[in-house]
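Visitor: These are the residues of each chain, in order.
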Amino acid sequence: MNINENIKKLASLDQHLYHNDFLLTWEKTDDEIKTIMEVAKTLKAMRAANISARLFDSGLAISNFRDNSTRTRFSFASAANLLGLAVQDLDEEKSQIAHGETVRETANMISFLSDFIGIRDDMFLGEGNTYMREVGAALDEGFAQGVLPERPGIINLQCDMDHPTQSLADLLHLEHQMGSLDNLRGKKMVMSWAYSPSYGKPLSVPQGIIALMSRFGMNIELAYPEGYELIPEIVDIAKRNTQKSGGSFHINHSMEDAMQDADIVYPKSWAPFHIMQQRTELLKTADKNGLKSLEQSCLANNAKHKDWEYNAKRMERTKNQDALYLHCLPADISGISCKEGEVEAHVFESYRIRTYLEAGYKPYVIAAMMLTNKFEYPAETLFQLIENKKKRVGF
Amino acid sequence: MNINENIKKLASLDQHLYHNDFLLTWEKTDDEIKTIMEVAKTLKAMRAANISARLFDSGLAISNFRDNSTRTRFSFASAANLLGLAVQDLDEEKSQIAHGETVRETANMISFLSDFIGIRDDMFLGEGNTYMREVGAALDEGFAQGVLPERPGIINLQCDMDHPTQSLADLLHLEHQMGSLDNLRGKKMVMSWAYSPSYGKPLSVPQGIIALMSRFGMNIELAYPEGYELIPEIVDIAKRNTQKSGGSFHINHSMEDAMQDADIVYPKSWAPFHIMQQRTELLKTADKNGLKSLEQSCLANNAKHKDWEYNAKRMERTKNQDALYLHCLPADISGISCKEGEVEAHVFESYRIRTYLEAGYKPYVIAAMMLTNKFEYPAETLFQLIENKKKRVGF
Amino acid sequence: MNINENIKKLASLDQHLYHNDFLLTWEKTDDEIKTIMEVAKTLKAMRAANISARLFDSGLAISNFRDNSTRTRFSFASAANLLGLAVQDLDEEKSQIAHGETVRETANMISFLSDFIGIRDDMFLGEGNTYMREVGAALDEGFAQGVLPERPGIINLQCDMDHPTQSLADLLHLEHQMGSLDNLRGKKMVMSWAYSPSYGKPLSVPQGIIALMSRFGMNIELAYPEGYELIPEIVDIAKRNTQKSGGSFHINHSMEDAMQDADIVYPKSWAPFHIMQQRTELLKTADKNGLKSLEQSCLANNAKHKDWEYNAKRMERTKNQDALYLHCLPADISGISCKEGEVEAHVFESYRIRTYLEAGYKPYVIAAMMLTNKFEYPAETLFQLIENKKKRVGF
Chain A
1 MNINENIKKL ASLDQHLYHN DFLLTWEKTD DEIKTIMEVA KTLKAMRAAN
51 ISARLFDSGL AISNFRDNST RTRFSFASAA NLLGLAVQDL DEEKSQIAHG
101 ETVRETANMI SFLSDFIGIR DDMFLGEGNT YMREVGAALD EGFAQGVLPE
151 RPGIINLQCD MDHPTQSLAD LLHLEHQMGS LDNLRGKKMV MSWAYSPSYG
201 KPLSVPQGII ALMSRFGMNI ELAYPEGYEL IPEIVDIAKR NTQKSGGSFH
251 INHSMEDAMQ DADIVYPKSW APFHIMQQRT ELLKTADKNG LKSLEQSCLA
301 NNAKHKDWEY NAKRMERTKN QDALYLHCLP ADISGISCKE GEVEAHVFES
351 YRIRTYLEAG YKPYVIAAMM LTNKFEYPAE TLFQLIENKK KRVGF
Chain B
1 MNINENIKKL ASLDQHLYHN DFLLTWEKTD DEIKTIMEVA KTLKAMRAAN
51 ISARLFDSGL AISNFRDNST RTRFSFASAA NLLGLAVQDL DEEKSQIAHG
101 ETVRETANMI SFLSDFIGIR DDMFLGEGNT YMREVGAALD EGFAQGVLPE
151 RPGIINLQCD MDHPTQSLAD LLHLEHQMGS LDNLRGKKMV MSWAYSPSYG
201 KPLSVPQGII ALMSRFGMNI ELAYPEGYEL IPEIVDIAKR NTQKSGGSFH
251 INHSMEDAMQ DADIVYPKSW APFHIMQQRT ELLKTADKNG LKSLEQSCLA
301 NNAKHKDWEY NAKRMERTKN QDALYLHCLP ADISGISCKE GEVEAHVFES
351 YRIRTYLEAG YKPYVIAAMM LTNKFEYPAE TLFQLIENKK KRVGF
Chain C
1 MNINENIKKL ASLDQHLYHN DFLLTWEKTD DEIKTIMEVA KTLKAMRAAN
51 ISARLFDSGL AISNFRDNST RTRFSFASAA NLLGLAVQDL DEEKSQIAHG
101 ETVRETANMI SFLSDFIGIR DDMFLGEGNT YMREVGAALD EGFAQGVLPE
151 RPGIINLQCD MDHPTQSLAD LLHLEHQMGS LDNLRGKKMV MSWAYSPSYG
201 KPLSVPQGII ALMSRFGMNI ELAYPEGYEL IPEIVDIAKR NTQKSGGSFH
251 INHSMEDAMQ DADIVYPKSW APFHIMQQRT ELLKTADKNG LKSLEQSCLA
301 NNAKHKDWEY NAKRMERTKN QDALYLHCLP ADISGISCKE GEVEAHVFES
351 YRIRTYLEAG YKPYVIAAMM LTNKFEYPAE TLFQLIENKK KRVGF
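Chains as they are written, first to last, in this note's numbering: chain A, 1 to 395; chain B, 1 to 395; chain C, 1 to 395.
Next comes chain A alone, as it looks inside the complex (with noise of 0.2 Å):
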């Protein structure tokens, strides 16, 4: 890659992430979401070069996980540390937040001197995403009424709705194998539900996908067995996209069918829709036999649909036989991870690496998302960062 034409190339891009927070990609234009993936790769050449991007002297990146998680954590903190911040957790259970404090009062509190707010929050259906607006509203209270020096950005580390920043880690990682976004044009993407041994995975991955890869002309397939829907309104969202881009979206209800002729393929389990709504009911009111029940009744309906596993014989109904297999990691693999899975083994193993190299994207996404809110200018701001010539290890 070379670093000056892709700073040539988002210079000419017309964008407004200035300021703003990035919760949901379809709220970001084209040329906004080519200036992150511009950022992105920008700064994963500098760092393979060595060369400094600590745009920050000091500050702080707050994490707000309210779900576990390896990978997004490990991703917002290496996009920190790229930058100069030093993360601080918010760790609800350890905090006072569980007596009784209210989200805004919080919200300032943690950023007296805070430049980020990294939250995941996909439990609830309905309210993740919310709650990140709710942070939001309470920093620009904060700010405007000078009880901060500054609104700190909200970076969207997975809601209810959506994914972003491991959306646009897979699109990158699509651009990179395809060897450009023009490339996408007219393929075949199948994002197809896969069977897991567990139960109520989000539907941010899905959905995140659908509605981002609409964009680029290519023909969505969306498969699922029937009753595992995804929220309404984000699959109206992707068909809108499709029309307007020049490609094309399907709902198949067969894994068999959906996989015939496919580019790419994104196998991956979730929960239904109506499923998560009453979880998130339950949720609300701690209703643990509820919950159980629910549960059960869930994961009976999941074994009847074994047999939506990624393997040899869905493979070689794709183009070539050799789609190419996404994964947001950890996949559910059979045999390995777990008795019956989302992909065969041999399978998942033929695209392993290739995986890695997806989940690779993502601290650099993280990183072009701050990056990108804090300095108006990004083509300027790398431009001066690659002339400063500081090593990122060593004089």
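If you're looking for bench data, these hints aren't it; they were derived computationally from the structure. Owing to the predicted nature of the structure, the values given are computational and were not obtained by experimental measurement. For each residue, glycine too, the CB sits at the ideal point set by N, CA and C. Hints are not guaranteed to be accurate.
Said to hold, decoys possible - Quick list of simulated restraints, FRET-style, between CB atoms:
id: 1; chain 1: B; residue 1: LYS284; chain 2: A; residue 2: LEU299; range: 30 to 38 Å
id: 2; chain 1: B; residue 1: GLN260; chain 2: A; residue 2: GLY146; range: 28 to 36 Å
id: 3; chain 1: A; residue 1: GLN145; chain 2: C; residue 2: GLU349; range: 54 to 62 Å
id: 4; chain 1: B; residue 1: LEU299; chain 2: A; residue 2: ALA137; range: 33 to 41 Å
Go by the hints and put chains B and C onto chain A.
Guide: Chains B and C alone, transformed into the frame defined by chain A:
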């Protein structure tokens, strides 16, 4: 605020904060209190002006929280980061400390490359401040014996006696709201007990407030239901301070009465001194039944004083029906965070943003304690930082 | 210490630590051991002289503690911070690792922007060091396949076989106390089992000590009650080392006898090799009853050897009644941390400060392992740091 004028004011103060721990405000002279205030304000202004306050190229600030905390934890992390230090938590559950290590050994083991240890220990009356001094004595020995290359400074992040980072933040807020410290002279400030459904809240805030605020010529009214005494020695300090500063000190057992013509009010729950003494004994012997029955009798006693709520009726009695309301947060707000609490919801709401502004001084107070502990001439140090013109963010 | 002389000594050593993990001292040459020592001493002297050793403008050091730890955790954090790296904990309970991720996937996921992974895994005999090598192999693959921009170095923070950061800190302490490594020649060092009320203490310290200390011409006496064997292969390494270095190696089943004319003593509890093997099997199968009964029989057996305490009587038999006492800390001190333990209280007290000095080398040993892993010519690197004259604190 004019940064250069602040720095001039600083240079004229006579202080010996260098290499001395900050454990109790009443061990510090007026000039030392003012030094912390001027340094804190300067650092706050520098942060707002994007001037880096990074004085440490590397270094560690250890946090030792023996009780839950959100805001103090973030304030400590923010202060450390502002000066260039990384925070390392001493998590006593995860460590081997429970396995019989002595305080003096652990104090040295965590300090080989540490610059500061921030300690919060407010659970045991008669123990928290003592613990900090034990740690200090261990560090003195380690430094004297060549174990440690320097003597890490200790920051009291709340003990059983005082909460100096809180009271100094409150004082900075008062100075700002009233225009100057001189304007405090003759003002009536009410530190009042208030009802809370929880039990065993520390005494350190009311004690810290009366001991510090009594230095500035105010008329201090300490109000509480009979039986809710504070540590007598600290009440004596407050009395002596008001005599010396030309103010007055009264104890009042009627909230109604106390609020009459008040300029400033600080309604907050605390546990009675003698209850905390009993509690400490029970905690030491891990007497669960004893703790349970103490809690029940104490809650029953508290419940007799539910009318000690700061509400519109009380507010109307204050000066211009608008006394400045202070709180260390989180407040127990009636109808919001609990059914019946310390303060009526719409009264709190009128002062909510100001309580956030109040809290916003704490990170800078901690940073000022750090800076003055390690830099003998803070005016010069700050002047050099400003001359350096290094930006915190960007080039 | 003369920093420049140290650096000259360094430049003359033949070593290949660059890009090689530090997993076992016996995989390293004498010159490599000396390189770590000289770098560690130089960094310690620089820290004392307020010279910044910041070689990383940004970067991450991952800590993966599979067992509790205070001192090693703080040593790792201190070392990372000294060089400019931020620490990110891999907390396997909070992460999704428990959900069936493979080691090789996780190793890559946490390493996209990481410089080091420090691992402590001493619970399972036959597993800890193997785990480190599995992580290493995964990182090798990730780097070879372009997943990782560099190969993070692995630091062994204690495994089932060795505890190299401990034994090297101990060696630096010995060198300092005895005046030089040459002065160790002909000295008698006793690595002795000692009674502790706890069970299942790792073998890595005694193994690490005999394997390293046997290189310097000392007469090594390994003392333990019959049945408390160490891993035989490591005892063989120690034997061969003494033969090569002109020392001697004996096993003794009487603590009394072993102490006769000792110059240096290291009395410390450990679990018998064959018990640890059984324990590993039981831990693997999560056999709680088996573990319970093993613990009981082991404790009962331990209790037969309560007389294996290092006390005044034993100390009197040593050279000049004053053999240098070593311990990795925390020691089980009779009457202090337990009723009956490894060492008599007033004996420990005589050497207490020296055990702190001993422990104080560990952060610099870790920093030296990091520096030599990433900088091929450490003498030049250190020379440049000193020439740069950047202060760690202040201007």
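Visitor: Confirm or reject each hint.
Guide: Cross-check of the supplied hints:
Here the CB-CB span from B:LYS284 to A:LEU299 is close to 48 Å, at odds with the stated 30 to 38 Å. For the hinted restraint 28 to 36 Å between B:GLN260 and A:GLY146, the CB-CB distance of approximately 32 Å keeps it satisfied. Between A:GLN145 and C:GLU349 the beta carbons are some 58 Å apart, a value that agrees with the proposed interval 54 to 62 Å. For the pair B:LEU299 and A:ALA137, the supplied restraint of 33 to 41 Å holds, since their beta-carbon distance comes to about 36 Å.
In terms of the numbered hints stated before, the structure departs from hint 1 and from no other.
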